[in-house]
Amino acid sequence: MMKRVVMQSLVRTQRRLFFYNSSSSFTQRLQFFQSAAGFCNQSEIGNQALPPRPEEDYDVVIVGGGMVGAAVGCGLASSAMTRGLRVAMIDSSPKQPTFRKHDPNAIPDQRVSAITPATVRFFQDVGAWEGVLSARPTPFDSMQVWDYGGLGFTRYKAEDVGEPLLGYVVENSVLLAALHSCLQSVGSIETMNPAQVKSVMFPSSSNLSPIQTKEAAESNGKQDWAQIELADGRRLRTRLVVGADGGKSAVRSMAGFQTRGWQYKQTAVICTVKVEWEHTTAWQRFLPTGPFALLPMGGTFSNIVWSTSPEIAQELKSMPSVDFVVDANRALLEDYGSQPYSGLAELLSSGLGKQLFGSELGTQLLGAFTPSSAEQFQVPPRVIDCVTERLSFPLSLLHATKYVNHRVALVGDAAHTVHPLAGQGVNLGFGDALALVNTLHRGVEGGFDIGEERVLKEYENERKKTNMTMMALLDGFQKLYATDFGPLNIARAAGFNTVNLLGPLKKQIITYAMGVH
Amino acid sequence: MLVRVDDERFRSVQWSSGKSFGAISLEPSPPPLHHHHEQPPALAERSEQVPVEPASTSTPIEGSHRSSVDVAETAKFAAIAATWWDYQGPFKPLHIMNQIRISFIRSAICRHFRKDANSARPLEGLQIVDVGCGGGLLCEPLARMGGLITGIDAVEKNLGVASLHAARDPATALIKYLCTTAEQMVHEQEKFDVVIALEVIEHVADPMEFCKSLAALTKKNGIVFISTLNRSIQSFGLAIVAAEYVLGWLPQGTHNWSKFVTPEELALLMGKASLSVEEMAGMVYNPFSQKWSLSEDTSVNYIALGVNRDT
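Top line first, the protein sequences correspond to chains P and R.
Oh and the first sequence: position 387 is 386 in numbering that gives the first Met the number 0, straight run, nothing missing.
Oh and the second sequence: position 221 is 220 in numbering that gives the first Met the number 0, straight run, nothing missing.
So here's chain R without its partners, still in its complex pose (with noise of 0.2 Å):
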């Protein structure tokens, strides 16, 4: 869920310059807190158990790379992650939207790599990474698929719950969860045929070097998914209004409405870092079926498919 990208600030909107995104574009985000002490009070009290700094761990993260996390995003889900899994919990609009991602994700994929998707394994032989993998929402089932799946997240406890979670079950027991970034995931030179960020871009420091990192993460002809929220007038209603204030789904403070990516503007990213964007999908939730549909109203949250044409 959160992997912060930088820890230069937020460098001048760079692929701004044949557009111009007016006032409201990609603001630099607020100074790093580097402590637990800096924390909002009322996150610093739960932070004694959460290790937000990504400590020991089988890739540790130095500082010579650029990968630094954003301390109060990364505490404000490190409070939550224990109810990832509990699907009538706090996570439960995500565990609903999460259907629909994995349709979609599901369906591309088997039309990008010529697929059968009407088995039940079509994923089989693909090596995927899920970056921001959270309690494991999107990799346990990409691996009941056949997929070979890695996922990374920045919190340590996101990690412990869902590599807990996917031992449960010998279908999902071979998943592979690191503490990591997409950064540094990238210095190690790893390399992937699917490459997946959903619910992320809006949450780093730097849009551009995370689409740069997803992209170098991808092999040549694989494909990345990232799924955002749109910067509009309805999503300021939507997800920060109601799912945070009025419906409760979300802790206030989820979401920074500044820090929404509108699709010109991924699209922008996305082509700026060698991924040609091949399709976009707008994901669509009706309150009176609550169910979520894809949709081409990509005005709240929307997913869009890239396909790496560099080397």
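Isolated chain P, as found in the complex (with noise of 0.2 Å):
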């Protein structure tokens, strides 16, 4: 028992020496302590000849520097709770993104997000929004979304639901650059790239019951870290990571999850094209082959977003420009029936509907409708010329069936990928991250260890009911419109119509597409 007593103490004098601050000085400490208690990593018994590479430990790594992965980074940074974390981001690209100085004759890139207020306020409460005005976003404020049979359309204007725009539409590069200027300003974070990582280990589970001994707690406690290898040879141990890297995240796969989802069957081609005349509404028509998506883009600049059948899209790509913008036109304005126009609309608002509904009730219905309902359909500008490569890319819908575990998190397009023919994959990243980083505030906050599964639990349970019903939603309009069967394309139509008429309905899908619910 004295013995026990002893090495109890001289563990604490040891803790006392080495540990405790949670500065980044505490990192040396502990590895000095490590060496100097004779404890070695299991990795590194055989080859003591060398001197093994010394550990680094982080509160957050964050695998991924791409849009979602930098915002869940400039998001910890902001806040005063969570800014003494230690906190480190694998970049795998070689070049710190950096701002063009913003040129309206410039040819805008055709990598492109259409951003909801929710994502703006993010940004403008990260700190990262002020670079994002500088490269001068393009404002919309109206949406037209109509049907290639010209049974239906529905046009959804920012002031429905009391908001002075819908969103902007912004080059990723802007985007990326803005968030990777705020980490940088800040400097909490680190920054590693171009690195990439060769392996994440993560313990089994954070039960405590096998261990008998401190000694044995103190491997285990190193043990229950996870342990990220990166390609350099360089090895990180942090409480957790943070999956930010794409569709094919790695750490997804090096976690288990598994993931559920299909192909679409579907490509999508993005270009910059220059229209007939400047505007500001988000376009979207759907055809058989898939929607047609065109943004404006400031000036006369205008963006892409084509769905289509993988040949198809092959064609696109390959065809010369001239061709292109005739194909384009054609998918816009031409193909199929005729325009479509809100004929119930002026129905009601003239007499008839009155007398069809009694006036009572004409009224009230009639009451319900938002200044936006009896609005026309509108014809968009022609495609004029295509001014940027096409790029290609293949569509799919894919979901993680879990987003945490013991020391991980997925984020963004790691958690979940959706049809992009709303614009909502980056927003519901965006989403993520800031829901991550307010779990991880009150992990903090509360004195957790903010690795542990019930800690991130609760960033899982709100962003899975958010992102799945997004998806259902997206994934059930995309199978809506891959089908010619007439019976489908009235009610379709008719759900169109519906949807314009019903100003409460509408102004919730709005919001909720507006990410502002």
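Treat the hints with care, as some may be off.
Derived, one-sided and incomplete: chain P residues facing chain R with beta-carbon distance under 7 Å [said to hold, decoys possible]:
no.	residue
1	V443
2	G445
3	G446
FYI, nobody ran anything at the bench for these hints, they're computed from the structure.
Computed from a prediction, not measured in an experiment: that's the story for all the values here.
Virtual Cβ for every residue (Gly too), placed ideally from N, Cα, C.
Assemble the dimeric complex from its two separately framed chains, guided by the hints.
Shown next as structure tokens:
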């Protein structure tokens, strides 16, 4: 018993000397303690002749320096509660993204996102919005979605939900540069780039029961953190690995998470075009082969996101620009039936509605309409030139069955990919980043080990609901349009018209799509 | 969790001079059980591996002080000590409830000591003792918030669990765990900025002495947190019938309803110990959201904060 008491006090003294502070110097102390106490990692036992590369200890390691990973970093750095965490971001990209000087005549990049007011608010909160603004993002205030059959359309306006804008169309490179410059200016996040993750090892469980001795606890404590090995041999230990490494997430597979989903047998073709006249509407026409979207990009620049069959996509990519413009105008304006108009709205606003429904009901119905419900279908501008290379990528729906586990959390495309038809992918990713940051904030505030599953579970519960709803919505939309079955067409058109006319429901849908619920 | 107070029987309830608590006032606890073989048979079997008497520790407890553990009460907890940190296990309700207690304690400390509640380590520099620390469920979060934490408990096995667990994380590895009692620490003239005894007072033999000990451990203008269960119809229904018998959250016999303390009694006890009660909050469980929240309803679980106005 005496021996044990001595042991305890010895260990305690050592800890007092070498542990405690969670500042950056703690790592060196920890390493010193480990070597002083004669501990060494199992993998080092074999080659003790070589001095082992020291392990670096972190609270959070973000794998992936893309938009969502950088957003998690910015979020953590922006709050006093989480600023003290030691955070590293592993970025495989060789160069730090930087801003181009804004030039209205420069051709915008074809990789763009339509960001919602909720995403804008997130950027404002973390201090990255100024950077985006300096690159002049293109605001859009309305959205028109219509059906190729000419049967139905809906037009959303920002004023329907009392917002000045529905969102902005921004080049991804601008969003990324804004987030990275925000990270640089706060300086508290260590960016490792270019760096590749070779392996991530997760501990099996946080359970205590098998531990019998203090020594076992010490070594078990080490094993209880996740260990990351980089391709250059660097080794990191961390409480939490954030998998922000995209749809083919290595973190996800190393954590052993399953995914559900399918390929759409669709490929999206994207490019920047010039159109006839300047506009502020996000246009989307549903074709049997997939949706065609035209987004404003400032001046007469616009962005095309054209989802279609892989074969057609291949043709669209390789054909001469002149032919592409012809095909694009057909898809946007000409093919299939005539353009729709909302006959029902006119009918109701004329005296006929009152006659049909009786004056009181008719008035009530009309009262439920929002200002734009009686708006006419508008003809989008014609495409006149394709000014960038056409890029393509296959579309798929993918959802991880779990977002979190002990010591791991997935965000963005690593957790879910959606059909890009409403430009929701990146907004859902930013929503994940915000929710994870808030969860970690509460974890720190509550004095938790932030890599514990019970802390992370809160994030998963919150985001799974939102993401699955949006995925189901978008997937349903997509399925509805991937068919040319007569009755479905009419049902679909009826659905559109109904949505367009019923103010409150429409408001709900827009609000949801804007991420401002 | 379990600090027993006195080897004397419960003396007459001194604070009741001004107010009668009727037939259900705090009753004398049963005669102390001094040896393992006197325990109920169900517990005796487990007690072999449970050093109920705090034997060889760094602060041996001698008979000269009025410190003895209530053996039966102690054994109940020792039996389940190893499962303290399994938050899906028998201590699940405690883990869930812990969050709301911590949130109350954190913000009350920040208010009292004028610390920035919006920082990660607002307890930096504060000496804090958790009396009846159990497996360290409270000590660890408070240590991560920057506090200099001492956890004491009469059950050595709890401390074993607590210190093993704390050693796993550098952020908690500095917590000092001692097998001792509040009275013993008073004797050693230890003083703290914050003294915390959560869900302990309903297990001690002499609540008055216990309160006095807590006060004596507190620096001038330091604060004491005491949480316990109200002796009400609701607490009988929820803490005993529901939690122990229907839901099986706690082992049967964990609580003895007659030892529960009403908020009025606690306020009087604390007042007698020169602790002026400044805040009191109920903790209410919502079975639908499965969450605890702070409330004015002190009918079952509640927590009180007293400031030591004595020298």
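Here's how the hints hold up against the structure:
The closest approach between the C-beta of V443/P and any C-beta of chain R is roughly 5 Å, which is under the 7 Å cut-off, so the hint is satisfied. Look at G445/P: its Cβ gets to within about 6 Å of chain R, closer than 7 Å, so that hint holds up. Of the supplied interface hints, the one on G446/P holds, with its beta-carbon coming within about 3 Å of a beta-carbon of chain R, less than 7 Å.
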